[in-house]
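**Student:** Listed here are the chains, written in short residue letters.
There are 2 protein chains.
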Amino acid sequence: MSEPLRLGIAGLGTVGIGVVKIVQTHGDLLAARFGRPVEITAVSARSRGRNRGADISAYAWEDDPVALARRADVDIVVELMGGEDGPALALTRAAIAAGKDVVTANKAMLAIHGQGLAEEAEAAGVALRFEAAVAGGIPVIKALTEGLAGNRITRVMGVMNGTCNYILTRMEDAGLPYDTVFDEAAQLGYLEADPNLDVGGIDAAHKLTLLTAIAFGTRPVFSAIDIEGIQRISIDDIRHAADLGLRIKLLGVARMTGRGLEQSMSPCLVPADSPLGQLKGGTNMVVIEGDSVGQIVLRGPGAGEGPTASAVMADVADLARGLRIAPFGQPAATLEHVAAARATAAKPFYMRMTLLDRPGALARVAAALGDAGVSIDRMRQYGHAGADAPVIIVTHKTTRDAIDHALDLFQGTGVVVGDPVAMAIEHV
Amino acid sequence: MSEPLRLGIAGLGTVGIGVVKIVQTHGDLLAARFGRPVEITAVSARSRGRNRGADISAYAWEDDPVALARRADVDIVVELMGGEDGPALALTRAAIAAGKDVVTANKAMLAIHGQGLAEEAEAAGVALRFEAAVAGGIPVIKALTEGLAGNRITRVMGVMNGTCNYILTRMEDAGLPYDTVFDEAAQLGYLEADPNLDVGGIDAAHKLTLLTAIAFGTRPVFSAIDIEGIQRISIDDIRHAADLGLRIKLLGVARMTGRGLEQSMSPCLVPADSPLGQLKGGTNMVVIEGDSVGQIVLRGPGAGEGPTASAVMADVADLARGLRIAPFGQPAATLEHVAAARATAAKPFYMRMTLLDRPGALARVAAALGDAGVSIDRMRQYGHAGADAPVIIVTHKTTRDAIDHALDLFQGTGVVVGDPVAMAIEHV
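Listed in order, the protein sequences are those of chains C and B. Count along the first sequence from 1, add 101, and you get the number used in the working numbering. Count along the second sequence from 1, add 101, and you get the number used in the working numbering.
With the rest of the complex left out, here is chain C:
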């Protein structure tokens, strides 16, 4: 049996403690699989005294994570502190500079600084692995980078924020409005300290940034993603979608087109009986399409102590077994700069708007759509009590640009009340 592989863990929140528990309970199993024992030599976290539900007294303690990264008795630095800058970034850079392999769950840091960190890691000859950064326990980074390495990837899609999916599922199941379910989620502790990271689609877009880079061999550029959150989804939208046999999901979509790389994280309608449509609660799902393989669907828990620690240990396993692979699947210097493209793929759209209840209102809206080049597949005006009429339109296939043009034209009709909602219907 070889020398032990020694981990230094920075961050002892839920995931960090999950990793500690796996190492403590599965020593023999890990040694048999990895070909060498795994041990934790040092840890670092914000507060030393806190009771964490695991005995960490045998490990050296470092107040300063950077000091942990430089310890001679640490082979792999496991970064589980989170945050796109600050201590996590300082630790990661220090670990790379010290010649240590890094395993991290930090999607925000990698979405923003991934290109630079990958270049630094490759120059230093160390690994930078992040299975736990995307879709919790689902080994999706591995599936994409390794398991589908023979494919030209054509599309990647995913539901990758469990909190948003919980909110949307709960709204539908309980018939409750967004605000009520949002408050429930907050009380259940499902939301980040800044809830906009979840419901604004930021967290999910961080994850999509990483998948896109690997899938298409492009530089990770978070700012190239069109992001829209779920805050404007109403219970009416959910009911109308159900009437159409569809469900609303916060869906990330990345596809390479002749005009560039289209990336969006936004509420979309998907068939209710599709794998994505049937995804309930906090579960994540990633759909990967390649030219040889066709469509692969991966589903599993998107967060939590056990699942995320499982993903961290997958990276540790790879390093123990000698896998050396560029962070984004090919050398960072070969990742292409690709201009962000507005979504040009034609698809049907769902629109909900409120019209003044006056003669000719519907005709004006229909004319505006025609002027924008958008043709109507189905239109429904729902029963209403007050002066305003709720109207649902499903378009034939069109582009996001044409839809945005139509939304502009609506403002000039004088009959559209407030801001209409427009969501793509994604074929899956």
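No wet-lab data here; the hints were simulated from the structure. Worth double-checking, as some hints may not be accurate.
Note that the list lumps identical chains together, so a pair holds whenever it fits in one copy or between two copies.
Stated by the list, open to error - Straight-line alpha carbon distances no greater than 20 Å define the calculated DMTMM-like cross-link-like pairs of lysine to aspartate or glutamate that follow:
hint, residue 1, residue 2
1, 448, 390
2, 381, 285
3, 122, 223
4, 498, 472
5, 122, 337
6, 448, 223
7, 122, 390
8, 122, 392
9, 381, 337
10, 122, 156
11, 448, 174
12, 448, 505
13, 498, 280
Got chain C sorted already, so can you dock chain B onto it with the hints?
**Tutor:** The following block gives chain B in isolation, referenced to the frame of chain C:
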């Protein structure tokens, strides 16, 4: 850029030609991802002259696959001939003896000879990889061996024979009897030369053998699997299942219990709205449950040129990138001998039988079930025209042994016509 990685391909059927096409069309992509170019240097197949839809004239031809395995200009031998013994086994052994890494899609060979081949490969210091042997394009070997390496696996389940799933799905969708759909499948070329490999559950059990060995760290023992095919499933079973909100799938299940390793490949009923229940046509699905990760579901095409070639290339990618891992995830010598256990996990069962239409018939059957310790959850007698009454029984949770005992007792009642059908209802 390093030296090219040189493949020798034995077997130029659908999958072999799929591999040739990927190497020919994606040279730059593969070189960027693998860190070195991939090329094919030699091929071998039964008939040289056949038109295969790909130009193989640039590759050296070997009539004898064993000669291909020994060529100095071959780094990786890709075995795509199939068959559990014969030329495939001779080739694989020759390649290992010659110090070549082997990539194979041959589930039959590995299910029967996997332990010996793994020992030989490890002794020779070569890799033996088989992503393409299980579930076509789904990177399930990788997910299990590497992506979930930090977990104690608790259960593995899967629908892994697309032909059976096609037949069952088509029976339900078209309301057609088994024999008609079987003939359709034969005409469509979906069946193996020996159809029992498909409909008898053998092929799927070969695949389960491999997953089980990796999941539980046990020696692959094909003969330890309880196998039952789909030949006795009637359209009535499918309809009754639907009435109960269930669907019938040829389902492989492996779980470790205190009494040993339970492995079965048999028709089971699963909830119609579960991921397994919703699987249509030739698609495969594997469900893996681990103590940390919870449940992971992987879904994708289970066969065909592109998907299977994609899986072959995943193994080639790993070897190009330097991953060295024991075939079954840990050294073959450490794989445990585990006695096969009859399924002792309690679950509900579905039973269909035909009773003589005479007073007290149902009471006798109910008494036999009681004597076997099986309690009844639901019982339905369906309307009937002739002298025999079709009866469906759903039991409370019980064991396969108790069900088999009840089936024995039925024979003594004098009222049960023919052989009853009994299938587990698997909770997923």
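**Student:** Does each hint hold? Answer for all of them.
**Tutor:** Status of the hints after comparison with the structure:
Within a single copy, residue 448 and residue 390 get their C-alpha atoms as close as 18 Å, which meets the 20 Å cut-off; across copies the closest is 37 Å, which misses it. For a Cα distance limit of 20 Å, the shortest separation of residue 381 from residue 285 inside one copy, 17 Å, qualifies, whereas the shortest one across copies, 36 Å, does not. Taking the closest pair of Cα atoms, residue 122 and residue 223 never come within 20 Å of each other, the shortest separation being 31 Å inside a single copy and 31 Å across copies. Taking the shortest alpha-carbon separations for residue 498 and residue 472, only the intra-copy value of 15 Å comes in at or below 20 Å, while the best inter-copy value is 64 Å.
Within a single copy, residue 122 and residue 337 get their C-alpha atoms no closer than 45 Å, and across copies no closer than 49 Å, so neither meets the 20 Å cut-off. Taking identical chains as interchangeable, the C-alpha atoms of residue 448 and residue 223 are never at most 20 Å apart, the minima being 40 Å within one chain and 52 Å between chains. Only between protomers do residue 122 and residue 390 lie at most 20 Å apart by alpha-carbon distance; the minimum there is 18 Å, versus 35 Å within a single protomer. For the identical chains of this complex, residue 122 and residue 392 are inter-copy neighbours only, at 11 Å across copies versus 40 Å inside a copy, given an alpha-carbon limit of 20 Å.
With identical chains, the CA atoms of residue 381 and residue 337 are at most 20 Å apart within one copy only, with a shortest distance of 19 Å there and 32 Å across copies. For a Cα distance limit of 20 Å, the shortest separation of residue 122 from residue 156 inside one copy, 9 Å, qualifies, whereas the shortest one across copies, 54 Å, does not. In this assembly of identical chains, residue 448 and residue 174 lie within 20 Å of each other by CA distance neither inside one copy nor across copies; the values are 55 Å within and 50 Å between. Taking the shortest Cα distances, residue 448 and residue 505 sit within 20 Å of each other inside one copy (14 Å), while across copies they are farther apart (54 Å).
Taking the closest pair of Cα atoms, residue 498 and residue 280 never come within 20 Å of each other, the shortest separation being 32 Å inside a single copy and 42 Å across copies.
Comparing the model with each numbered hint stated earlier shows that hints 3, 5, 6, 11, 13 do not hold.
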